[in-house]
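Chains as they are written, first to last, in the working numbering: chain A, 1 to 353; chain B, 1 to 353; chain C, 1 to 353; chain D, 1 to 353.
Hints listed in this document are in silico derivations from the structure and should not be mistaken for laboratory results. All residues carry an ideal CB built from backbone N, CA and C; glycine is no exception. Heads up, a few of these hints could be off.
[What the hints assert, rightly or not] Computed spacing ranges between beta-carbons, pair by pair: (1) A:E155 / D:Q180: 19 to 25 Å; (2) D:G154 / A:E163: 40 to 46 Å; (3) C:D117 / B:E155: 43 to 49 Å; (4) C:R210 / B:P38: 37 to 43 Å; (5) A:Q180 / D:P338: 47 to 53 Å; (6) D:P338 / A:R210: 28 to 34 Å; (7) A:E16 / D:L122: 51 to 57 Å; (8) C:E130 / D:L122: 38 to 44 Å; (9) C:R33 / B:E155: 28 to 34 Å; (10) C:R33 / A:E16: 31 to 37 Å; (11) C:R118 / D:W65: 46 to 52 Å; (12) D:W65 / A:E163: 26 to 32 Å; (13) D:K156 / A:R346: 48 to 54 Å; (14) A:R346 / B:G345: 15 to 21 Å.
[As the list claims (entries may be wrong)] Listed next, the in silico SDA-like pairs over lysine to any residue satisfying Cα-Cα at most 25 Å (straight line): (15) C:K156 / B:K156; (16) D:K213 / D:I350; (17) D:K213 / D:Q255; (18) B:K156 / C:V179; (19) B:K213 / B:V100; (20) C:K213 / B:Y188; (21) D:K213 / D:G132; (22) C:K156 / C:Q180; (23) C:K156 / C:L184; (24) A:K156 / D:V179; (25) A:K156 / A:A88; (26) D:K156 / A:S206; (27) D:K156 / D:I350; (28) D:K213 / D:A162; (29) A:K156 / A:V104; (30) D:K156 / D:G239; (31) C:K213 / B:V179; (32) D:K213 / D:A321; (33) B:K213 / C:E97; (34) B:K213 / B:E16; (35) D:K156 / D:G212; (36) D:K213 / A:V179; (37) B:K156 / C:S206; (38) A:K213 / D:G132; (39) B:K213 / B:Y188; (40) A:K156 / A:V179.
Protein chains: 4
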Amino acid sequence: MRVIQEEHAVVMVVCELGISAERLQAVEEECRRRGLQPQRLQSGSRYFITLAALANDHRLALEHWPGVERLVPTVNSFRPETDSAPLAAQQVVLRPEGGVLGGVRIGVIAGPCSVEDRAMLLETAHAVREAGAIGLRGGAFKPRTNPYSFQGLGEKALEFLAEAREQTGLAVVTEAMSVQQVELVARYADVVQIGARNMHNFVLLSAAGRCGKPVLLKRGWSATLEELLHAAEYIIAEGNPQVILCERGVRTFEQHVRNTLSLSIVPALKQHTPLPVIVDPSQGTGLRGLVNPMSKAALAAGADGLIIEVHPRPDAALTDAEQSVSLEQFGELMSELPALVTALGREMAITND
Amino acid sequence: MRVIQEEHAVVMVVCELGISAERLQAVEEECRRRGLQPQRLQSGSRYFITLAALANDHRLALEHWPGVERLVPTVNSFRPETDSAPLAAQQVVLRPEGGVLGGVRIGVIAGPCSVEDRAMLLETAHAVREAGAIGLRGGAFKPRTNPYSFQGLGEKALEFLAEAREQTGLAVVTEAMSVQQVELVARYADVVQIGARNMHNFVLLSAAGRCGKPVLLKRGWSATLEELLHAAEYIIAEGNPQVILCERGVRTFEQHVRNTLSLSIVPALKQHTPLPVIVDPSQGTGLRGLVNPMSKAALAAGADGLIIEVHPRPDAALTDAEQSVSLEQFGELMSELPALVTALGREMAITND
Amino acid sequence: MRVIQEEHAVVMVVCELGISAERLQAVEEECRRRGLQPQRLQSGSRYFITLAALANDHRLALEHWPGVERLVPTVNSFRPETDSAPLAAQQVVLRPEGGVLGGVRIGVIAGPCSVEDRAMLLETAHAVREAGAIGLRGGAFKPRTNPYSFQGLGEKALEFLAEAREQTGLAVVTEAMSVQQVELVARYADVVQIGARNMHNFVLLSAAGRCGKPVLLKRGWSATLEELLHAAEYIIAEGNPQVILCERGVRTFEQHVRNTLSLSIVPALKQHTPLPVIVDPSQGTGLRGLVNPMSKAALAAGADGLIIEVHPRPDAALTDAEQSVSLEQFGELMSELPALVTALGREMAITND
Amino acid sequence: MRVIQEEHAVVMVVCELGISAERLQAVEEECRRRGLQPQRLQSGSRYFITLAALANDHRLALEHWPGVERLVPTVNSFRPETDSAPLAAQQVVLRPEGGVLGGVRIGVIAGPCSVEDRAMLLETAHAVREAGAIGLRGGAFKPRTNPYSFQGLGEKALEFLAEAREQTGLAVVTEAMSVQQVELVARYADVVQIGARNMHNFVLLSAAGRCGKPVLLKRGWSATLEELLHAAEYIIAEGNPQVILCERGVRTFEQHVRNTLSLSIVPALKQHTPLPVIVDPSQGTGLRGLVNPMSKAALAAGADGLIIEVHPRPDAALTDAEQSVSLEQFGELMSELPALVTALGREMAITND
């Protein structure tokens, strides 16, 4: 019943396992010859090629090309699968000397909502590194609904984050909110985050695609699965396939939480994309007491990682006090994860992977 | 900002661990003396008393009564907790000779959406028993949106379900849609189900409260946490504390699923009630391919059990074909659960507990 | 993307203007011959026949039957129309000596949320009659989320309502919440209301279909357009085509209102059904201050009437205090409507139409 | 129950009617002295001052300052009003020689979703001018979910729009999607539009606040009333109070429309802000057939104007074909509005006001 606008279809080519380099190039050349702008993604030894299909030519006839296993539409035209096996996530290297995320590896990124000062950041960084995180989050520029609220420390915070990386080896993940900030953030951080408020900011997405660093893309507050994949395409289309998708809760009528964590998007995404998917149980619920169970639920649903707000003194946090867990609560969660991760047939990522 | 109507508050008294029988009775007597209609619930060795508080007397002063640990409001007035520990679920005995659910026990109920004929029901019952289920679900009366759709076999189906119980020992769980059906269903079944469409049907809830059997209460399509607890109160108020709550997906803008499984309600409910909470990943997603990961996610979030639609030949199912898993898919899921359940520090319920 | 279950299609036959009685009977006979259970509806001099179509036979070939203008599917299979003209609403006679609603007539039903006592009811009835209402609403049995809340005066309230009708000529509209109550309510009231909580209570809908009185059917909190039409079919299928549909707000993330009045359903319904559609701006917003503008918006969107909560002393109302307007506020609204209604090319209904 | 983050409160000072210039300045000076960053807004002869209040000082004590009538919080802390009278909208001059919108004036802006070529734009501009519109909309840069979709003609389109203004006198309204585009768009257009996807793009909002032209701010897909007001504050805080708010539908479970037009936000906004509010029934429903009734409903709810997608050949439109009305349909709607607007006690704006 819902009317969906006709748009050009983006299609992903799933290449056969063990496709030769020649055949891979031949497929890409054929796509280029047809004006389809191919982008190559890799997941383990499997290759994928995304391309822009013409609206008037849904039958690309690439299915029968040597080395091609099947075509997966990534847009409006695709139907939910009932039985299809999930695609394994491609691995994303958060930083060269640090942890990876995806494949069998489950990685945890943690840190304060915003970098409030040097001391609290370093204290948090050491504690989450100790507990087993591979990434350090921390807002330098805070998007605030109210223009008169605390807006973050800016470049000063980026310097503190870089210092924390030197001391701990953690990969730094932080948000850029404008084209100008992308460059600045990419100079200091290992992973550039695009926040939920900017998931539809196509100018920013394209800039992130050119920044040379992996991009953590958060789902918008009411974005559909297709829109999230389309937003990722804006980044990939610039030649950067190192994209990590992140579910962070959607807006519903629910009143017992600030956001409704919609975990079914995790296995649904995995039917359609090899991009790794992580979950933010802090923003995704808005309540500290739900972070532990919902973190476990996210991993059981198939997520490749978590991003969690941690604060040395949560009740005194300048932002998001209600959803930040303490260092102790974070440590307790991290001590409980390995058994769960093993039961799920996966492994915790480690900083010196 | 949301305006919530002022209503009388229902309060739950959490009694101290090891409270003596005398003190327990004294508290109840005091409540009765004040006209507060106490109902006793038990979770392990812990006792709870629900009671109707007067709107004008929120300060019940029962906090300081001997044996009383704390008061938990169960309605509008209650605030989401940030750090409070979950309450352990009281155990519900599905059938005297069969499995229990709650406490450390995780129980799985499975079967076809509707009982289509005797052969398919018995085939399914034996298969899910073999795989480790403790309950058999199966619709005798089907609530159909369209009045001209297949409406179920009625009492004939109840007879088949009772026969399946004789052969397998499984507890029979089936829905009653009207006051008249409650009596009929309670004669054949072990657990009477109230469906999502009837969660606000207070006349039916009261009838279920008088039926003498445990009640499985499904959350309405857009019911809040409080409304679900209030609906449970309608049952408990008739003297039947054997209520199992069930999350089955809510309505949102999401388009990749038929319903959005809102798993955060599981740990949120456990901060407020000792009633066991189970999850329906079949109705809760509408897609067979998501049942496996979302079942695991539900348990990791703290659910006490699952209710799953299983069909010997899903694509030929008369109802809910797209969300029914095959016997093989169910068997595979059940073989994967024990490791997960152990990692979560819990145990699978068994039919001859 | 959204998966909609395959269900049997209900189809409405739009008969040609001026179809002869013989042809009308011939079409119905043909439908019966095919097992399609025809029900006749009339809107002015236009006839409609609803019937149950077989899932395997969507092409009924009735389009070419003499006297048949077109077929309108009323269920899942139907697509939103972009340009189709609205169907004029059939007129429903609220009471033989009283007002009608539908066609060009716009009717207003008003009264307290619940009948609190005889004096307040009679005061309200005289005031709303004076202001131009044609119906008197007032709850005798109140569905309360909380089982310990005020549940209404019951049969006593029905007697007061009947007395108010004797004194004012207003048609009495009140809710029945169970099969037993339907009979009782139909004995006293002119129109039996089915509330939002019971829109999916199919047993109750069928009972209302046999009660011999017009039925006011409120949309469920998260019911789709199709589900509302299906619920109406349950009533019509019992031989009662006197159904009035009512939009009363749906559940969304909005926080500035208790419910989101979804007025686009009014013209959307009118593309598919000749049943009159009214709007409840009181329940539909939950805020007294929004009743006036949203009443006007509802009529401008094409609604055939309004149902409004009015109370002599709103702040002292036992139920729904925040959404009840005062007698003065109601009078002011009613004095503003005639100019608007004329501008829309329609007429206000009057009690002695 | 819903947890709302504590944020600094923005407060609006409603000055007494006829406040003297001295007193007005004195109030502003007092605000500046307290570091509250006052911004002046005018609606008719009424003055308002917005200011940033300290979180720790909610009691500003400005209520008793001479000339101050009352304080209206514009953020999280404010409660829905039940009875408060709507604030009259301040008038916004779309272009010096052209129409105004707000106060008693209702203005209609119309044009194609995207500027496809010079001929179709000029044809549309002349037709909507003829029909009574005061503004011409038309996308130069189209935000497309899919990166491979048609992205608009860019600066070429801006030139066509300017030419259309020369020929018709219509004010040009078009969207800017990045900080760089704001400058470019402001050079050609009369009103700079910020789209729903960018309502939370605070960097862009601030840039729009400095562009020297009125800003049309569309509500985000799931933005709350407060968030919309906060976004407006980002613009106003740069010294630009010429902001027009626009409801364009929110995301819900509804399936009969692409978006749910949430008209109750119109009167709710008017209880809190003097900014004019318009409605987009094209995006707000996604269906051409609903544009006429929902336009009327929007005005009846109190909107100060409409923005409508019109196309000479809707079915051939490159974007939004299903929601664009034809020139004839637009003309018909415009011919029906004056009677309605008069009945509502308002007047149609005209280009040479």
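Given the hint that D:K156 pairs with D:G239, test it: the Cα-Cα distance must not exceed 25 Å. At roughly 30 Å apart (the allowed maximum being 25 Å), D:G239 and D:K156 break the hint.
Is the hinted range of 15 to 21 Å satisfied by the C-beta distance from A:R346 to B:G345? Taking Cβ atoms as reference, A:R346 and B:G345 lie about 19 Å apart, which means the hint holds.
Confirm or reject the claim that C:R33 and A:E16 have a C-beta distance inside 31 to 37 Å. violated (57 Å)
Sort out whether B:Y188 lies within 25 Å of B:K213, counting only the CA atoms. holds (11 Å)
Below or equal to 25 Å on CA atoms is what counts here, so check B:K156 against C:S206. Roughly 22 Å between the alpha carbons, so the hint for B:K156 and C:S206 holds.
Need the status of pair A:K156, D:V179: alpha-carbon distance at most 25 Å? Holds, at roughly 24 Å.
Between C:R210 and B:P38, does the beta-carbon spacing fit 37 to 43 Å? holds (41 Å)
Given hint C:E97 paired with B:K213 - CA-CA distance at most 25 Å: Roughly 50 Å separates the two Cα atoms, so the pair is violated.
Are the Cα atoms of C:K213 and B:Y188 separated by 25 Å or less? violated (37 Å)
Measure nothing beyond the straight line between the CA atoms of D:K213 and D:G132; if it is 25 Å or shorter, mark the hint as holding. holds (23 Å)
D:W65 and A:E163, beta-carbon distance inside 26 to 32 Å? Since the Cβ atoms of D:W65 and A:E163 sit about 48 Å apart, the hinted range of 26 to 32 Å is violated.
Hey, B:K213 versus B:E16, does the alpha-carbon distance stay inside 25 Å? violated (28 Å)
The structure is inconsistent with the numbered hints 6, 8, 10, 12, 15, 17, 20, 25, 27, 29, 30, 32, 33, 34, 38, although it conforms to all the rest.
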